[in-house]
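According to the UniProt record's numbering, the residues represented by the sequence shown are 1 to 229, in order.
Errors might be hidden in some of the hints.
To be verified - Straight-line C-alpha distance at most 25 Å; calculated DMTMM-like pairs for lysine to aspartate or glutamate:
id	residue 1	residue 2
1	K216	E195
2	K98	D126
3	K165	D137
4	K216	E138
5	K183	E138
6	K214	E97
7	K199	E146
8	K177	E146
9	K177	E220
10	K98	E138
These are computed hints drawn from the structure, not numbers from a lab.
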Amino acid sequence: MALNQQIIKNIAPNSILYTAANGVEAVSICQENKVDLILMDIQMPEMNGIEATKVIRLLNNFQETPIIAVTAGNVKGEKEKCLDAGLNDFLAKPIREKDIFDVLEKWLDFSQYEKIETNDFGNHLDLSMINNYTKEDESFRKTFIEIIINELEKSILEFETYSNKQNLEGLNQLGHKVKGTAKTAGLTILADLTEQIEKSTSINYLQENQLIIKVKTEIELVINYLKNI
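I would like the entire structure built from these sequences, with the hints used as guidance.
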């Protein structure tokens with residue numbers, strides 16, 4: 001859910017987010033905190049999302065709290081099963097920023113949130129770089145962004161493969177390649193992370209600093225941004 005958290009923080013930077021690794025933790029968080037809306041992953045260990053929802057609905061002040069199912073969405077009848085169990089709405093993975101924004105707008109008084117401009121991506125994405133390359137050619141801009149997205153999507157699998165094989169040379173080379181793509185597209189944070197991988201001299205350093213995990217999370221985030229600009 002790390003990517004979803006990043007998306008929500010982009011939409012509503014003043015929001016307070018609680019995360020649960022399983023349904024038991026989700027119930028515990030609701031017992032201890034006031035919650036305005038819940039994104040409930042249906043496939044959770046120990047207690048799944050539907051079971052957790054039924055327990056949460058029995059808590060004081062949670063009968064009307066919006067609970068939104070988050071699922072892979074590939075099981076026939078799953079949406080109906082979720083709604084019958086007391087969930088209010090349904091999001092199928094992969095989730096786009098627009099999907100989350102629409103849910104927040106539908107189920108919350110969204111005027112209370114400080115929505116940042118959709119072109120304000122901080123250091124994740126500098127749109128001026130893409131604009132400099134594509135000028136006012138919308139067709140070229142679309143093609144340019146598609147190429148960047150394809151390159152980044154391929155790199156996720158490559159990072160996983162080299163990491164699983166503990167292939168430092170492969171990771172160094174891939175870090176160099178993706179750094180070039182990131183700099184071209186104005187992906188500042190990704191460029192910095194991949195440069196660290198490029199220059200790393202040990203697998204242990206990469207693991208201790210969770211650089212592969214950070215890079216994969218950042219790639220997923222910027223791909224989502226690129227698909228929504």
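Evaluated hints:
Restraint check for K216 and E195: the C-alpha separation of about 14 Å stays at or below 25 Å, so the hint holds. For the hint pairing K98 with D126, the CA-to-CA distance comes to about 20 Å; that is within 25 Å, so the pair holds. Taking the CA atoms of K165 and D137, the gap is about 42 Å. The hint is violated against a cut of 25 Å. Restraint check: the Cα-Cα separation between K216 and E138 comes to about 29 Å, which exceeds 25 Å; the hinted pair is violated.
For the suggested pair K183 and E138, the alpha carbons sit about 21 Å apart, so the restraint of at most 25 Å is met. A C-alpha spacing of about 20 Å is found between K214 and E97, which places the hinted pair at or below 25 Å, so the restraint holds. Only pairs whose Cα atoms come within 25 Å are accepted, and K199 paired with E146 is rejected, the gap being roughly 28 Å. Of the supplied pair hints, the one linking K177 and E146 holds, its CA atoms being roughly 17 Å apart against a limit of 25 Å.
With a CA separation close to 17 Å, the supplied pair K177 and E220 stays within the 25 Å bound. A threshold of 25 Å between alpha carbons decides the hint, and for K98 with E138 the separation of about 21 Å falls inside it, so the pair holds.
Hints 3, 4 and 7, counting from the list given before, are not met by this structure.
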